[in-house]
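Those sequence lines, one after another, are chains P and L. 1 is the number of the first residue of the first sequence in the working numbering; add one for each residue after it. 286 is the number of the first residue of the second sequence in the working numbering; add one for each residue after it.
Since the hints were derived computationally from the structure, they do not count as laboratory data. What you are looking at is a predicted structure, and each value in this text was computed from that prediction instead of being measured. Ideal Cβ positions, reconstructed from N, Cα and C, are used throughout, including at glycine. Certain hints may be false.
[Claimed, not checked] Here are the in silico distance ranges between beta carbons for each label pair:
1) P:N87 with L:K315: 51 to 61 Å
2) L:P560 with P:P206: 50 to 60 Å
3) P:V142 with L:V672: 22 to 32 Å
4) P:T154 with L:K670: 20 to 30 Å
5) L:P520 with P:G248: 48 to 58 Å
6) P:C65 with L:P520: 29 to 39 Å
7) P:G75 with L:K315: 48 to 58 Å
8) L:R471 with P:G248: 30 to 40 Å
9) P:Q241 with L:P560: 49 to 59 Å
10) P:A145 with L:H813: 43 to 53 Å
11) P:V142 with L:R767: 49 to 59 Å
[As the list claims (entries may be wrong)] For lysine-lysine, the following DSS-like pairs were computed, each having C-alpha atoms within a straight-line distance of at most 25 Å:
12) P:K272 with L:K670
13) P:K126 with L:K347
14) P:K260 with L:K684
15) L:K684 with P:K146
16) L:K760 with L:K661
17) P:K268 with L:K670
18) L:K661 with P:K263
19) L:K601 with P:K252
20) P:K263 with P:K172
21) L:K530 with P:K268
22) P:K107 with L:K661
23) P:K252 with L:K807
24) L:K684 with P:K263
25) P:K263 with L:K670
26) P:K107 with L:K347
27) L:K661 with P:K260
28) L:K601 with L:K531
[As the list claims (entries may be wrong)] Computed, partial: chain P to chain L, Cβ under 10 Å:
29) A46
30) L86
31) I169
32) D229
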Amino acid sequence: MALAAQLPAQLSPQPAAGGGRGGRGAAAGPPAAFVRPPAYPERAPADPAVLERGKAIYGVQCNFCHGSDARGGEGGPNLLRSELVLNDDKGELIAPVVQNGRGEMPKISITREQISDVAAYIHSFKVGGYDVSRMVPLSILVGDAKAGEQTFKTMCASCHSVTGDLKGIASKITDPKALQNGWLMPGGGGGRGPGPGRGGSPFNVPPVTVTVSMANGKKSEGRLVRIDDFIVTLTDADGTQKTFRRDGDVPKVEIHDPLKAHKDLLPKYSDKDIHNLTSYLVTIK
Amino acid sequence: MKTIPNLLLTGALLAGQIFAQALDPSVLTKPLGATDAWPTYSGDYSAKRYSSLKQINQTNVKNLTLAWTSRVTPGPGGRGGGFGGGAPVIIGGEGSADAAAGGGFGGAASIRASILQVGGILYLSMPDNAWAVDARDGHEIWHYFWKTKGGTHIGNRGLGMWGNWLYMETPDDYIVCLDAATGKERWHKEIAGFNQQYFSTMSPIVIGNHILTGTGNDLDEPGYIRSLDPETGDPQWTFYTVPMKKGDPGLETWGSLDGAKHGAGNVWIPGAYDPDTHLYIVGTGNPSPAYTNPQSREGDNLYTCSIIAVNVDTGKLAWYYQLNPHDTHDWDSTETPILVDGEFKGKQRKMVLHADRNGYFYVLDRLTGEHLLTSKFSEAANWVKEVNAKGQTIRDVSKDSTVPGSLVSPNNGGATNWPPPAYSPDTGLFYVPQNDAYAMYYLTETDPRGAMGLGGKDETGLGSLGSFLTAIDYKTGKIAWRHRYPGLGGNVGNGMLTTAGRLLFAGDAGGNIVAYDAGTGKILWHSHVGNVSNAPETYTLDGHQYLLVGVGDQMFAFTLY
Numbered sequence: 001m002a003l004a005a006q007l008p009a010q011l012s013p014q015p016a017a018g019g020g021r022g023g024r025g026a027a028a029g030p031p032a033a034f035v036r037p038p039a040y041p042e043r044a045p046a047d048p049a050v051l052e053r054g055k056a057i058y059g060v061q062c063n064f065c066h067g068s069d070a071r072g073g074e075g076g077p078n079l080l081r082s083e084l085v086l087n088d089d090k091g092e093l094i095a096p097v098v099q100n101g102r103g104e105m106p107k108i109s110i111t112r113e114q115i116s117d118v119a120a121y122i123h124s125f126k127v128g129g130y131d132v133s134r135m136v137p138l139s140i141l142v143g144d145a146k147a148g149e150q151t152f153k154t155m156c157a158s159c160h161s162v163t164g165d166l167k168g169i170a171s172k173i174t175d176p177k178a179l180q181n182g183w184l185m186p187g188g189g190g191g192r193g194p195g196p197g198r199g200g201s202p203f204n205v206p207p208v209t210v211t212v213s214m215a216n217g218k219k220s221e222g223r224l225v226r227i228d229d230f231i232v233t234l235t236d237a238d239g240t241q242k243t244f245r246r247d248g249d250v251p252k253v254e255i256h257d258p259l260k261a262h263k264d265l266l267p268k269y270s271d272k273d274i275h276n277l278t279s280y281l282v283t284i285k
Numbered sequence: 286m287k288t289i290p291n292l293l294l295t296g297a298l299l300a301g302q303i304f305a306q307a308l309d310p311s312v313l314t315k316p317l318g319a320t321d322a323w324p325t326y327s328g329d330y331s332a333k334r335y336s337s338l339k340q341i342n343q344t345n346v347k348n349l350t351l352a353w354t355s356r357v358t359p360g361p362g363g364r365g366g367g368f369g370g371g372a373p374v375i376i377g378g379e380g381s382a383d384a385a386a387g388g389g390f391g392g393a394a395s396i397r398a399s400i401l402q403v404g405g406i407l408y409l410s411m412p413d414n415a416w417a418v419d420a421r422d423g424h425e426i427w428h429y430f431w432k433t434k435g436g437t438h439i440g441n442r443g444l445g446m447w448g449n450w451l452y453m454e455t456p457d458d459y460i461v462c463l464d465a466a467t468g469k470e471r472w473h474k475e476i477a478g479f480n481q482q483y484f485s486t487m488s489p490i491v492i493g494n495h496i497l498t499g500t501g502n503d504l505d506e507p508g509y510i511r512s513l514d515p516e517t518g519d520p521q522w523t524f525y526t527v528p529m530k531k532g533d534p535g536l537e538t539w540g541s542l543d544g545a546k547h548g549a550g551n552v553w554i555p556g557a558y559d560p561d562t563h564l565y566i567v568g569t570g571n572p573s574p575a576y577t578n579p580q581s582r583e584g585d586n587l588y589t590c591s592i593i594a595v596n597v598d599t600g601k602l603a604w605y606y607q608l609n610p611h612d613t614h615d616w617d618s619t620e621t622p623i624l625v626d627g628e629f630k631g632k633q634r635k636m637v638l639h640a641d642r643n644g645y646f647y648v649l650d651r652l653t654g655e656h657l658l659t660s661k662f663s664e665a666a667n668w669v670k671e672v673n674a675k676g677q678t679i680r681d682v683s684k685d686s687t688v689p690g691s692l693v694s695p696n697n698g699g700a701t702n703w704p705p706p707a708y709s710p711d712t713g714l715f716y717v718p719q720n721d722a723y724a725m726y727y728l729t730e731t732d733p734r735g736a737m738g739l740g741g742k743d744e745t746g747l748g749s750l751g752s753f754l755t756a757i758d759y760k761t762g763k764i765a766w767r768h769r770y771p772g773l774g775g776n777v778g779n780g781m782l783t784t785a786g787r788l789l790f791a792g793d794a795g796g797n798i799v800a801y802d803a804g805t806g807k808i809l810w811h812s813h814v815g816n817v818s819n820a821p822e823t824y825t826l827d828g829h830q831y832l833l834v835g836v837g838d839q840m841f842a843f844t845l846y
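Isolated chain P, as found in the complex (with noise of 0.2 Å):
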């Protein structure tokens, strides 16, 4: 269950990509009172010395079943999220069964302190799925860049040209991945509405435009700030802001997404064709 898909996702009717976790909501900031209780209970750091006492014991003990990291071993479970490690304080249900044995685990002879001093240890890991830290970079260059450059030519050649638009890409965006997300939707997340590129991203994508045609025939065209089923806000080009109501078909609303042939294309890549066009993008110094 992720966090994020219990949110309603009141996002406004604009921006919303749905961002990497699931479309976060726009709403406002919390009220200056807020002060955000801890997601989940936490452990007071550990005695350095307890905690070297502890690594040490549980290296001997623990380590080959239960694994250096405590996420399991050869035979063991992964203990940090184990109920009864859990629930332990100081050691205080784990001895039990250290000093017992349990299943297939022997008994192990070490005394209680001891045993508190692997407990402090055990605990020192941090606890939780989502793990920034655990994150390494892994190389996602697995494509064949010719093959890509193949790919380039019939999917994307029509709108770009790696020696005008993209000349140099690879050297603007060093981070692969970056560049993948990039390619794929320009602008940051994308598809995030009207505006440029955000957080200083190097593709320009120009904004979403709006063309509204009244009944008798005048125009508007500018900058599309909002839209709803009732209401459509566009900025014209002296930056007046203006906002007309929708009855229907009426006026004429005509969105112009620079993003269309992008968004068209995600149904029809295969993960190879990106891969590939990755591979081959990266060459494109």
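Use these hints to put chain L onto chain P, whose structure you have.
Leaving out everything else, chain L in the frame of chain P:
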């Protein structure tokens, strides 16, 4: 149980009086609209969110007008209430945090809950907070605040009511019993282990003398439904959604017992109840670890991502149907199942209808769990290799998270999510909010032991091809009509309400509450109130039909004069 007659039903309540009434248990067994109340999460046990009320209908909905609006302020500060003035705050709780909470992480205070209406009083909640409010003008009657130990404060889905008592789950895993008349605490009991990183958001469901609870967990702890005694809060039975010991059924669908016991399948959105069979029918959450495939979870992972039917008297499983064997995208199947009696392929059936976060729609026979239909409602969904002979959606393993990235729709938020769907027997249509979003799923944990919980994946959203209000004909699984929300955004969407006035109400992505023709999707009325944060509700008060919506920390009540 006391059986005080429902005074509203007898018409004895005089306008202007405020006093809490006990909930007559017979009200809970009636279809929505047959009484004046909204007494449980979905309005009634069938979870159709269909009211037989039709005072507001297609002809006059354009005259719907604001009756009142009111704001509630979570926290211990007291006298928060906006327009009607606040009430003194009653404080409880085991923790020390004076956090005003109320909202989700990163979010402001928000009513993401069903609001009960019993005897002219509204009972509503946010995480750590419960209120009673006069349904005639939004005036606050009492406010209860729970000092928390912590836990994920993402939302609270509402209160349960039994006689004179209200029940609320807290993010730090207690259930609190409150006196509906005063807001004073009667007792609180622990329902899950906070140390194990459970957090509790579900609206308790009251069936007979059972209070059904469920919890969430983003580590790897097992999911369960626990039934409590309404007088004492003591457990009556616990049904685990994953095998917990040797010999438990379904253990063969896991790589190891340890994997099964840490396999999640949490139950965090209420199900539906069939009073004829005494079956509580509910969807279960994803298996854990969510995105990685250690040997310990090799197999189908029963009963995660399933619709399960549990006998409410015994806590025993009657049947199950697993929609997604071995889910790898954190697509919980907790979206509310809807119970419908009707014709299917020439035969009268008692059915369950369910639209899943994974982009597919399923119809089952609810007496047996027999599969009747699977169809795809999100055209973008690209993760299924085949729909097998049993109608299960079998994943394409190449669409699991990979190191170089896997382009998948839906995104993690899903083609739909917890915002409740609705079904109208007048139109035969099932209404669901839909989002066709894509994301790149990158695997970041290559350790063969897998990650824990939601770890091991980095997701980059690539935008949405559109978000919709979608009407599905359950007999064919085909889309009858679809309303596309204008603009380029994607949105998991808002919950639904439909009525015998042939209306469909839902918040849209632009901050409007909108009434649609339930048959065609044509827009008939709207009001810009701000982003609607719960599913609209309807009930009768003083002979007038009301429409009620939550908008962040505000409520808006509409009626016809």
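Each hint, compared with the structure:
A beta carbon spacing of about 43 Å between N87 (chain P) and K315 (chain L) contradicts the range 51 to 61 Å that was offered as a hint. P560 (chain L) and P206 (chain P) have their C-beta atoms about 59 Å apart, which keeps the hinted 50 to 60 Å range intact. Range check, V142 (chain P) to V672 (chain L): Cβ separation about 30 Å, and the 22 to 32 Å hint holds. The beta-carbon spacing between T154 (chain P) and K670 (chain L), approximately 26 Å, falls within the hinted interval of 20 to 30 Å.
The given range of 48 to 58 Å is respected by P520 (chain L) and G248 (chain P), whose C-beta atoms sit roughly 56 Å from each other. The hint said 29 to 39 Å for the Cβ distance between C65 (chain P) and P520 (chain L), and at roughly 34 Å that hint holds. Distance hint check: the CB atoms of G75 (chain P) and K315 (chain L) are about 56 Å apart, consistent with the given range 48 to 58 Å. Distance hint check for R471 (chain L) and G248 (chain P): the Cβ-Cβ separation is about 54 Å, which falls outside the suggested range of 30 to 40 Å.
Here the CB-CB span from Q241 (chain P) to P560 (chain L) is close to 55 Å, well matched to the stated 49 to 59 Å. A145 (chain P) and H813 (chain L) have their C-beta atoms about 52 Å apart, which keeps the hinted 43 to 53 Å range intact. Remark: the range hint 49 to 59 Å for V142 (chain P) to R767 (chain L) is contradicted by a beta-carbon distance near 38 Å. At roughly 17 Å between alpha-carbon atoms, K272 (chain P) and K670 (chain L) fall within 25 Å of each other, so this suggested pair holds.
Our distance criterion of 25 Å between C-alpha atoms is broken by K126 (chain P) and K347 (chain L), whose separation comes to about 56 Å. With a C-alpha separation of about 24 Å, the suggested pair K260 (chain P) and K684 (chain L) falls inside the 25 Å cut-off, and the hint holds. At most 25 Å may separate the alpha-carbon atoms for a hinted pair to count; K684 (chain L) and K146 (chain P) meet this at roughly 24 Å. Taking the CA atoms of K760 (chain L) and K661 (chain L), the gap is near 14 Å; set against the 25 Å cutoff, the hint holds.
Our distance criterion of 25 Å between C-alpha atoms is met by K268 (chain P) and K670 (chain L), whose separation comes to about 16 Å. Annotation: proposed proximity of K661 (chain L) to K263 (chain P) holds, straight-line Cα distance about 20 Å (limit 25 Å). For the suggested pair K601 (chain L) and K252 (chain P), the alpha carbons sit about 58 Å apart, so the restraint of at most 25 Å is broken. Proposed proximity of K263 (chain P) and K172 (chain P) is supported: the alpha carbons are some 23 Å apart, at most 25 Å.
Proximity of K530 (chain L) to K268 (chain P) is assessed by CA-CA distance (about 46 Å); at most 25 Å being required, the pair is judged violated. Pair hint K107 (chain P) plus K661 (chain L) does not hold up; C-alpha atoms about 54 Å apart against a cutoff of 25 Å. Only pairs whose Cα atoms come within 25 Å are accepted, and K252 (chain P) paired with K807 (chain L) is accepted, the gap being roughly 18 Å. This hinted pair checks out: K684 (chain L) and K263 (chain P) have alpha carbons roughly 19 Å apart, not beyond 25 Å.
For the hint pairing K263 (chain P) with K670 (chain L), the CA-to-CA distance comes to about 23 Å; that is within 25 Å, so the pair holds. Note on K107 (chain P) and K347 (chain L): the hinted pairing is violated, with a Cα-Cα distance of about 75 Å set against a maximum of 25 Å. For the suggested pair K661 (chain L) and K260 (chain P), the alpha carbons sit about 24 Å apart, so the restraint of at most 25 Å is met. With a CA separation close to 17 Å, the supplied pair K601 (chain L) and K531 (chain L) stays within the 25 Å bound.
A distance limit of 10 Å between C-beta atoms decides the matter here; for A46 (chain P) the minimum to chain L is near 17 Å, and the interface restraint is violated. The closest approach between the C-beta of L86 (chain P) and any C-beta of chain L is roughly 5 Å, which is under the 10 Å cut-off, so the hint is satisfied. The beta carbon of I169 (chain P) is not positioned within 10 Å of any beta carbon in chain L (closest approach about 18 Å), and the interface hint is therefore violated. At a threshold of 10 Å, the smallest CB-CB gap from D229 (chain P) to chain L is about 6 Å, leaving the interface hint in force.
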